[in-house]
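From first to last, the protein sequence lines are chains A and B.
Positions 26 to 318 (the working numbering) are the ones given, in order, by the first sequence.
Positions 26 to 318 (the working numbering) are the ones given, in order, by the second sequence.
Don't read these hints as lab results, they were simulated from the structure.
Given the structure is predicted, the values throughout are model-derived calculations rather than measurements.
Hints may contain errors.
Because identical chains share one entry, a pair is satisfied inside a single copy or across any pair of copies.
[Stated by the list, open to error] For lysine-lysine, the following BS3-like pairs were computed, each having C-alpha atoms within a straight-line distance of at most 30 Å:
| id | residue 1 | residue 2 |
| --- | --- | --- |
| 1 | 50 | 290 |
| 2 | 192 | 53 |
| 3 | 317 | 50 |
| 4 | 29 | 269 |
| 5 | 30 | 259 |
| 6 | 317 | 53 |
| 7 | 192 | 29 |
| 8 | 290 | 59 |
| 9 | 269 | 59 |
There are 2 protein chains.
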Amino acid sequence: MDFKKWMTENTKNIDSQLNQYLPEKNAKQIDLYKSMRYSLLSSGKRIRPLLTIASYELYRQDTRLVMPFACALEMVHAYSLIHDDLPAMDNDALRRGKPTNHIVFGEAMAILAGDALLNKAFETVLNFSDSSIAPEQKLQCMQLLASASGSEGMIGGQVVDMFVNEKTQSELEYRHRLKTGALIISACQIGATLGGATHHELNLLTDFAQYLGLAFQIKDDILDCTANEEELGKPINSDQKNDKLTYVSLLGLEESENLLNEYTKKAVRSLHYFGSRGNRLNEIALYLLERKK
Amino acid sequence: MDFKKWMTENTKNIDSQLNQYLPEKNAKQIDLYKSMRYSLLSSGKRIRPLLTIASYELYRQDTRLVMPFACALEMVHAYSLIHDDLPAMDNDALRRGKPTNHIVFGEAMAILAGDALLNKAFETVLNFSDSSIAPEQKLQCMQLLASASGSEGMIGGQVVDMFVNEKTQSELEYRHRLKTGALIISACQIGATLGGATHHELNLLTDFAQYLGLAFQIKDDILDCTANEEELGKPINSDQKNDKLTYVSLLGLEESENLLNEYTKKAVRSLHYFGSRGNRLNEIALYLLERKK
């Protein structure tokens, strides 16, 4: 299957699963579900679940088994965006071309919808029961998810983003490794673990995801300077406005493009061991390199 | 062991475990740990972990095994208090006799510390490994925790608290069943599940916890009207100020005291099956009935 078709089909599948995991219930807390669904079901790139699926497909093809984990990663990502956009944090009004969650539902509901989406990520995996997945394997994947999203992972990265005044590239990369890198790495690790990867293969995929995560962030920084707001679906030059260190402000545009290419190459090189089986992950890396938003 | 001694020893044990699960790390995100520890290690009643331990002790005595779950429940409780106190929610400045988390650490850090504590609850249980606990049992207990703290449990209750204008006792009890009841029920269920309870026994303990949770809430409403702020460690008459329906505003003080006694009796009656083994849970119910804060 060609990459575009693979991505379209899997994105559709992910969206349909997310929709099922989070039905609009006719309960007293219906507005909570509306708020959760507003952010979760918006038109995101679904990079994390796609990476989980592609990593799993290195080994097996029945993606039904990997879906709850792939969707849990997207729920954690969605909750982090809701909370990051809050007035007390980045105070952003636009996200994926739409008003941010707190603009539509108010600050209290946005905080609760974020909390509920993090919680729902764990519920989704815990409520999924299939005899093909051993309980030990499920626990191992949950541990990867929980540690990637916690205080030594994504949340820790947001703390650094908010409170540390960075000066150097190594400080900048520390933030990105935690804030976006940890979850991207766990996306690949979880898919491969469910597929049955060896220890050595997990290490290679971790290398791949680590470089991919950094490349992803450099591309974000470049787009923040070069894209227009309509294309990007969120405010441009936001890093500059918020006085945040970026690859572009640190290295300039040309050097950032070079580093983006270098990290993408390194990511792709980590896949050599897998031969043609690694093509899908390779294609994802190149798609992220070329993306316009 | 007499009840006072049991409670003192176990509270000490819980606090020492919480302290170990959440060390003050020397990392870039050190202020996050300070903020998390500030709320988690403050002088709470530790009701939820004590219920988990007492429910487990119906069956077994080596509480080491139940500790990570008991502490996870306290982490979920602590995170919910931090987020409930936020300016966008109840906007409270005092909690357990100290300034609330956002007053000390600012709103952004308080949101992140809450997120991190919820995440940490799952991490704590997932990182605990002991051959005496079967993976299936661990998953079952995590499922109880996740569903009690989620959109159909505690978070759902906070949504009702914030957004539903209640008029009747049944609406009031719907809120309490979700907001405080669900977590209290899961505290007992998790302890008993780890101990090896039968289905029938789990049902009895669920009844016990359900009545206990409602009694707990009535007592809270009564104390909000009758205690002084110094004793209570948080603002008094806060429900009246926030125009929230309470048992006292709905039924009056005397009728609320009657209902408190009735629910406590029903809770205690649910324990009859356990005979003298149920004494500890019985004592907890009476302690909550008599408490001054």
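Against the structure, the hints come out as follows:
1. 50 x 290: Neither: 46 Å inside a chain and 35 Å across chains, both beyond 30 Å.
2. 192 x 53: Between copies, since 14 Å is at most 30 Å while 48 Å is not.
3. 317 x 50: neither (36 Å within a copy, 39 Å between copies)
4. 29 x 269: Neither: 34 Å inside a chain and 54 Å across chains, both beyond 30 Å.
5. 30 x 259: within (27 Å within a copy, 58 Å between copies)
6. 317 x 53: Classified as neither: same-chain Cα gap 41 Å, cross-chain 33 Å, threshold 30 Å.
7. 192 x 29: For residue 192 and residue 29, the Cα distance exceeds 30 Å both inside one copy (39 Å) and across copies (55 Å).
8. 290 x 59: So residue 290 and residue 59 fail the 30 Å test inside a copy (41 Å) and across (40 Å) alike.
9. 269 x 59: This pair counts as between: shortest inter-copy Cα distance 24 Å, intra-copy 32 Å.
In this structure, the hints that do not hold are numbers 1, 3, 4, 6, 7 and 8, in rising order.
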